[in-house]
Amino acid sequence: MNEHYYDKGDLAKFPEIGKNCPDLSAKFFDWYSAVFADGALSAREKSLIALGVAHAVQCPYCIDAYSRDALEKGADLDQLTEAVHVSAAIRGGASLVHGLQMRAHATRLGM
Amino acid sequence: MAGRVLTLSQTRSPLASAAEQLRVLGRIPIARGFDEALAPTGLSPLTAQTIEVLQINVGKLCNQTCRHCHVDAGPDRREIMSRDTMALCLRALDATSIPTVDITGGAPELNPDFRWLVRECAARGRHLIDRCNLTILLTPSHADLPQFFAEHRVELICSLPHYRAPSTDAQRGEGVFEKSLEALRRLNAVGYGNGTSGLRLVLVTNPVGAFLAGGQASLEAEWKREMLRQYGIRFDALYCLTNMPISRYLAWLVESGNVEAYMERLVMSFNPVAARGVMCRTTVSVGWDGRLFDCDFNQMLELEVGERGTAHIRDFNAAALAGREIVVGPHCFGCTAGAGSSCGGATA
Numbered sequence: 001m002n003e004h005y006y007d008k009g010d011l012a013k014f015p016e017i018g019k020n021c022p023d024l025s026a027k028f029f030d031w032y033s034a035v036f037a038d039g040a041l042s043a044r045e046k047s048l049i050a051l052g053v054a055h056a057v058q059c060p061y062c063i064d065a066y067s068r069d070a071l072e073k074g075a076d077l078d079q080l081t082e083a084v085h086v087s088a089a090i091r092g093g094a095s096l097v098h099g100l101q102m103r104a105h106a107t108r109l110g111m
Numbered sequence: 001m002a003g004r005v006l007t008l009s010q011t012r013s014p015l016a017s018a019a020e021q022l023r024v025l026g027r028i029p030i031a032r033g034f035d036e037a038l039a040p041t042g043l044s045p046l047t048a049q050t051i052e053v054l055q056i057n058v059g060k061l062c063n064q065t066c067r068h069c070h071v072d073a074g075p076d077r078r079e080i081m082s083r084d085t086m087a088l089c090l091r092a093l094d095a096t097s098i099p100t101v102d103i104t105g106g107a108p109e110l111n112p113d114f115r116w117l118v119r120e121c122a123a124r125g126r127h128l129i130d131r132c133n134l135t136i137l138l139t140p141s142h143a144d145l146p147q148f149f150a151e152h153r154v155e156l157i158c159s160l161p162h163y164r165a166p167s168t169d170a171q172r173g174e175g176v177f178e179k180s181l182e183a184l185r186r187l188n189a190v191g192y193g194n195g196t197s198g199l200r201l202v203l204v205t206n207p208v209g210a211f212l213a214g215g216q217a218s219l220e221a222e223w224k225r226e227m228l229r230q231y232g233i234r235f236d237a238l239y240c241l242t243n244m245p246i247s248r249y250l251a252w253l254v255e256s257g258n259v260e261a262y263m264e265r266l267v268m269s270f271n272p273v274a275a276r277g278v279m280c281r282t283t284v285s286v287g288w289d290g291r292l293f294d295c296d297f298n299q300m301l302e303l304e305v306g307e308r309g310t311a312h313i314r315d316f317n318a319a320a321l322a323g324r325e326i327v328v329g330p331h332c333f334g335c336t337a338g339a340g341s342s343c344g345g346a347t348a
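Read top to bottom, the protein sequences are chains R and P. What the first sequence shows, in the numbering used here, is residues 1 to 111, in sequence order. What the second sequence shows, in the numbering used here, is residues 1 to 348, in sequence order.
To be clear, the hints were calculated from the coordinates, so they are not data collected in a lab. Just to be clear, a hint being listed does not mean it is correct.
So the derived label-pair ranges between C-beta atoms look like this [as the list claims (entries may be wrong)]:
| # | chain 1 | residue 1 | chain 2 | residue 2 | range |
| --- | --- | --- | --- | --- | --- |
| 1 | R | P60 | P | G26 | 32 to 40 Å |
| 2 | P | P14 | R | A89 | 44 to 52 Å |
| 3 | R | D78 | P | R4 | 37 to 45 Å |
| 4 | R | D78 | P | G26 | 32 to 40 Å |
| 5 | P | Q230 | R | Q58 | 50 to 58 Å |
| 6 | P | G26 | R | C59 | 32 to 40 Å |
| 7 | P | R164 | R | I90 | 20 to 28 Å |
| 8 | P | R91 | R | I63 | 31 to 39 Å |
Listed next, the stretches of chain P that the computed footprint assigns to chain R, with coverage defined by at least 3 CB atoms under 8 Å from CB atoms of chain R [unchecked claim]:
| # | segment |
| --- | --- |
| 9 | 158-172 |
| 10 | 202-209 |
| 11 | 217-231 |
Even for Gly, the Cβ is constructed at its ideal location relative to N, Cα and C.
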């Protein structure tokens with residue numbers, strides 16, 4: 001049992017998640033591979049989206065994996081950083097836009 | 001990644017020696033050896049087929065000192081091929097029908113007999129490739145080269161790690177990106193890369209760091225779109241090359257603490273389909289001093305063809321070379337990882 005919640009080595013063991021549920025796991029990994037193939041969006045564009053989402057969900061495994069993947073797909077550090085800003089902007093904006101809910105509620109309550 | 005890069009030779013680094021590079025590579029723990037990885041594919045021992053490419057490395061002299069250079073080339077290097085050795089290469093061509101001559105370096109154009117070699121190869125009707133670093137075309141004594149290349153129908157394979165400046169300059173030196181764009185514009189101006197002239201212009205990208213190259217087809221489409229949109233530059237094809245863990249790139253891997261993880265990545269990414277297409281099976285590589293090798297990488301590691309010191313262009317025997325057993329080592333995983341990597345780009 002680990003003494004900490006995240007272990008870097010777990011990323012390479014991801015396929016082990018299929019040990020007790022191989023059929024569902026196979027469906028997931030097949031679908032996952034298909035999602036990231038070149039399509040209407042290029043594999044590089046999808047990798048940058050994944051990197052942004054990885055930051056939004058704050059998954060260290062995904063951040064490691066998609067930092068490297070985006071570099072391998074030909075993105076440079078400026079482009080990776082901009083992808084993270086997009087993620088941060090949506091997270092920040094999502095918080096801020098809820099301020100309208102706060103304002104509406106406060107207005108209802110106030111005199 | 002800032003700071004001026006010197007050659008390993010200039011700094012008297014132990015890794016300037018091929019023997020030391022082989023020692024460092026041999027010490028890295030890897031899951032399996034190259035022969036072992038190759039065995040299930042039926043390709044082991046790896047043997048050569050018909051020679052399709054005579055690759056001539058005309059010397060280590062270069063106007064650039066790129067961080068990843070597997071040749072340890074630079075302005076301080078003095079090893080260049082003599083015209084006598086070039087003449088032996090031409091004699092080998094005359095005795096065979098090898099269709100392609102691939103001239104590399106260093107910056108091959110800095111060899112004083114470079115143009116002579118190009119003219120002689122062109123006169124023999126062989127397909128000619130020059131591996132060009134682009135910036136050399138901006139130096140005053142080489143400014144007429146685009147026209148010269150066009151006249152002799154030379155295919156140009158040019159290094160450009162990225163279509164944006166930061167990565168390119170980080171690997172190849174400050175200001176190299178802008179100079180490379182200017183050189184590409186001059187090549188476009190004489191007809192290179194327009195898709196109809198037959199003057200083929202290929203760009204080569206290789207990772208700026210300790211990771212593998214991307215998918216060639218996917219990247220080529222994006223590069224063509226972006227090079228045209230951002231800079232108005234056209235080219236015919238993009239080759240994605242993996243950096244080989246030798247010479248200055250090996251030194252960088254060691255210094256940056258990436259060497260073990262990178263080797264593990266190469267080994268784990270072994271692709272049998274890529275192995276089938278490795279360039280050494282159809283190439284003979286000639287060193288600046290006339291010695292023969294399976295590829296430019298084995299040349300830099302001084303892993304000669306056959307018995308040490310016996311294989312020289314003066315004794316060129318195409319029939320014997322065609323069936324030879326190729327000298328392999330851990331560095332060969334660089335050519336078989338992922339989509340594969342060769343002087344002609346991906347192999348799978």
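Hint check:
The hinted range of 32 to 40 Å is satisfied by R/P60 and P/G26, whose Cβ atoms lie roughly 34 Å apart. A hinted range of 44 to 52 Å holds for the C-beta pair P/P14 and R/A89, which are about 49 Å apart. At about 23 Å, the CB distance of R/D78 to P/R4 disagrees with the hint of 37 to 45 Å. Here the CB-CB span from R/D78 to P/G26 is close to 38 Å, well matched to the stated 32 to 40 Å.
Between P/Q230 and R/Q58 the beta carbons are some 33 Å apart, a value that contradicts the proposed interval 50 to 58 Å. For P/G26 and R/C59, the hinted distance range of 32 to 40 Å is satisfied, since their beta carbons lie about 37 Å from each other. Remark: the range hint 20 to 28 Å for P/R164 to R/I90 is upheld by a beta-carbon distance near 24 Å. The hint said 31 to 39 Å for the Cβ distance between P/R91 and R/I63, and at roughly 58 Å that hint is violated.
Given a C-beta distance limit of less than 8 Å, the hint that chain R covers the segment 158-172 of chain P holds, as 4 residues qualify and 3 suffice. Residues of the segment 202-209 of chain P lying with their CB closer than 8 Å to a CB of chain R number 4, which satisfies the three-residue condition for coverage. Under the rule that three or more residues need a Cβ within less than 8 Å of chain R, the assignment of the segment 217-231 of chain P holds, with 6 such residues.
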